[in-house]
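Following the hints, complete the assembly by docking chain B onto the known chain A.
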Amino acid sequence: MELQIDDSVLVKNYINGEEKALEVLINRHNQRISSFIYSKVLDRDITEDIFQDTFIKVIKTLRKGSYSEEGKFLPWVMRIAHNLVIDHFRKNKRMPMFEGSDDFNIFSVIGDDQLNVEKQIIKDQIDSDLNLLIEELPEDQKEVLMMRIYRDMSFKEISENTGVSINTALGRMRYALINLRKVIEKNNIVLTN
Amino acid sequence: MEKIYSDNQNACKLAKACPETVQFLMNYSKSLNIVTYNNIQFENNLN
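Read top to bottom, the protein sequences are chains A and B.
Under this note's numbering, the residue at position 19 of the first sequence is numbered 19, and the numbers go up by one with no gaps.
Under this note's numbering, the residue at position 10 of the second sequence is numbered 1010, and the numbers go up by one with no gaps.
Just chain A, with the same shape it has in the complex (with noise of 0.2 angstroms):
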């Protein structure tokens, strides 16, 4: 008959600096432990994740001296995975996690909106190619555009801001984008994402 060591004594060894104790213990209660949070969560990774949690804290507070022994280690592990499984509920709630199926992902109705580092390198390389294109126009030009691209601003406030008529500042717009594409075609140049 094989003599089983107590947890106390396990315990105790861990605390000493025996690791192989620890994992006596885990697997000695690997399974009570994971079937019982199972029993809560019915999900198996959830239940990897927790039982990770349980004994990562019960590792800690051993570690640190915090582990009165009274004899009770099975309920005091069970204790702290039954926190932890409470906890994951009070997450879910606040959180709800939806999980697609294979009919349908979630992920084709809603999407990141915003680029990845590939793409945003590459919309900051046009972006500073442009703006070099730009200074390149004619100051009147270039103030018109820069206001009405950059700044968002009517034909109207940019004809009050400039002193010129609208219909001025609307040609000032059609030369510089006419410039622009002239420049852009020039040299070869391709501005897309």
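Among the hints, erroneous ones may be present.
[Stated by the list, open to error] With the C-beta cut set under 7 angstroms, the calculated list includes, among others, these residues of chain A facing chain B:
(1) Tyr38
(2) Ile59
(3) Arg63
Think of the hints as simulated: they come from the structure by calculation, not from any bench.
Ideal Cβ positions, reconstructed from N, Cα and C, are used throughout, including at glycine.
Chain B alone, transformed into the frame defined by chain A:
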């Protein structure tokens, strides 16, 4: 006969954390270092 109470069947299944999780915990334990300074305990992960 038709099965009833089928919704909660899974609750009776025995679960067990996989060996990788146990190994992770062992590694975590080995890498954890607690330092006490002025009665304050600091956790270090020496990985």
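Now the hints, each set against the structure:
no.: 1; hint: Tyr38; in the structure: holds (4 angstroms)
no.: 2; hint: Ile59; in the structure: holds (5 angstroms)
no.: 3; hint: Arg63; in the structure: holds (5 angstroms)
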